[in-house]
Amino acid sequence: MAPKKTKKSRTAKKAFRPPTLAKPVSAPRVNRALRVLVAWPPHAGSVGEDLARTVAWLAQENPLVVRTATVISQTWPQTDVPAAAADQADLYPTATSDLYPTSPDTSRSHGTPGTGMGAAEALGAPVAGSATPTTYTEAREAFNTWLAAEMTAAGESARAALLAAGVPEKMLDEEQLAMVYSDHSETSRLIEAGEEFGADVILLGSQADSPDGRYRMGSTADALLHCSPLPLMLVPRNLDFSKAGPTRLNCAYVDTEQSQQALRHASDLARRWEVPLRLVAFSPAGVSLDPTQVAFGDAVDAAGAGSAGAVGSNNAAAPLAEAWQVQAKELLERGRKRALSRHPELEVTTKTGIGASWEEAVGAIKWRKGDLMVMGSSVLGDFNRVFIGPSTNQILRHVPVPVFLSTV
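Counting along the sequence shown from 1, when you hit position 30 you're at 30 in UniProt numbering, and nothing is skipped either side.
Treat the hints as calculated values from the structure; they're not laboratory data. One or more of the hints may lead you astray.
Dumping the calculated SDA-like pairs for lysine to any residue here, alpha-carbon to alpha-carbon at most 20 Å [stated by the list, open to error]:
1) K170 x P63
2) K366 x Q260
3) K366 x H398
4) K243 x K329
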C-alpha cells in the first residue's frame, strides 16, 4: 500500500512550480520621420517665414527630417564649350565638387556658355568683389566661390528662420540642411533634389503678393502641379496655425480613383498622427459652381418650360441642386466606409459645402487652424505623378488651409 502524502511533501512540490511570467508589453509604435524638402526662395522674405512656420506646425507632434533646396535661375544658354576653350576645365561644378557633397549629377544642369561667348559675357555681370573673369578656369573658380557663398548664406537664413519658427534643431537634416543649385529649370531641379533626398513631400510657398489665407501659384509651382512624381504641400499666405500642430485631416472625395488614392493617403496620415478625418465634397446651389453667361432659369423660361413665377432663375435649378447634394452625401458615405475599412479605429465625419460658386462652396465649410486638406491628382496626368484638374485648381484658390496633393 502506497504511503500517504504528508502536508510537507505537498508544500515541497509547490515550491518547484515554475513562476508565472508577466505578459509581454508591446512596444509603442514608432513612426518613421517624415522627410520634408522645402522649396526655399533665393530671397525668402515673408514667404520663407510662411514655409518655416508650416514646418514648425507639422513638427509639433510628428518627427521630421527637413532640408531646403534653392534653385537660382540660369540665364545663359546650355550649349557646348567654345572650341578655343576645349582644353580648359569645365566651367561649372560637377558632382565631384566639394560644393555638392550629397547632390546628384549637376554637370548637365549647370550647362556651359554658348559658342563664341566669352566667360564674362556668359556669366553676366562680374562677380561682386572680384575681377572680371578672363578665362574659363578663372570663371569656374569665380562661379564656385560665389555658389559656395550663396549656399552658406542660404543655409544660414534657412536655419535661422526654421529655428525662429520653433522647428527643433534635431529635425534639421544633419547631412546637408541647405542645397543651392543653378539651373535652367527650377522644376526639374527641385524634383531631382527631392528624389535624391528621399522626400515624402515637397513644400511650396505661395506668391508673395497673394491675399492672406489664400494660395496663388507661380510658374514653378504650376509646373510641379502637373508633373511632380512626389507629393506636394502648398502653403497659403500668412496662415494662423494651431499651436497643437495638425488636429484634423480633410479629404476632398468624389469616389473616383484619384480621390480614393487621396483617401488612402489621408486615412493613413490621420491614423499616424492620431487625429480625426473629415471627408468633404462641394455641391452647387445652382447648376454649376463655375460662372456661366446665361442664367439657367432664364434659359428655361425662354424655352417655355413652365411659368416664370413657378420656375424663374431662383427656383429652376432647385431640383437638380437637391439631387446633386443627395448624391454628394451618398459618395461621402461610401468614402467614410472605405476609410473605416482601412483603419477601423479612425473617427470619420463628412461635410458638404454648398454655394453658387467655388468660393461660396468652400467658404460654406468651417475650417480650423489645425486643418490640413488632402487632395488627389487628375486621371489626365501620368501614372504616379501629380496632375491637377480644373476642380482641384479652384479648390486650391479658395481653401484657407495647407493642401497636400498626392500622386495618382
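Hints, verified against the model:
1. Restraint check for K170 and P63: satisfied, since their Cα atoms lie roughly 10 Å apart, inside the 20 Å limit.
2. Proposed proximity of K366 and Q260 is contradicted: the alpha carbons are some 23 Å apart, above 20 Å.
3. Restraint check: the Cα-Cα separation between K366 and H398 comes to about 13 Å, which is no more than 20 Å; the hinted pair holds.
4. Annotation: proposed proximity of K243 to K329 is violated, straight-line Cα distance about 32 Å (limit 20 Å).
In this structure, the earlier hints numbered 2, 4 are contradicted, and the remaining ones agree with it.
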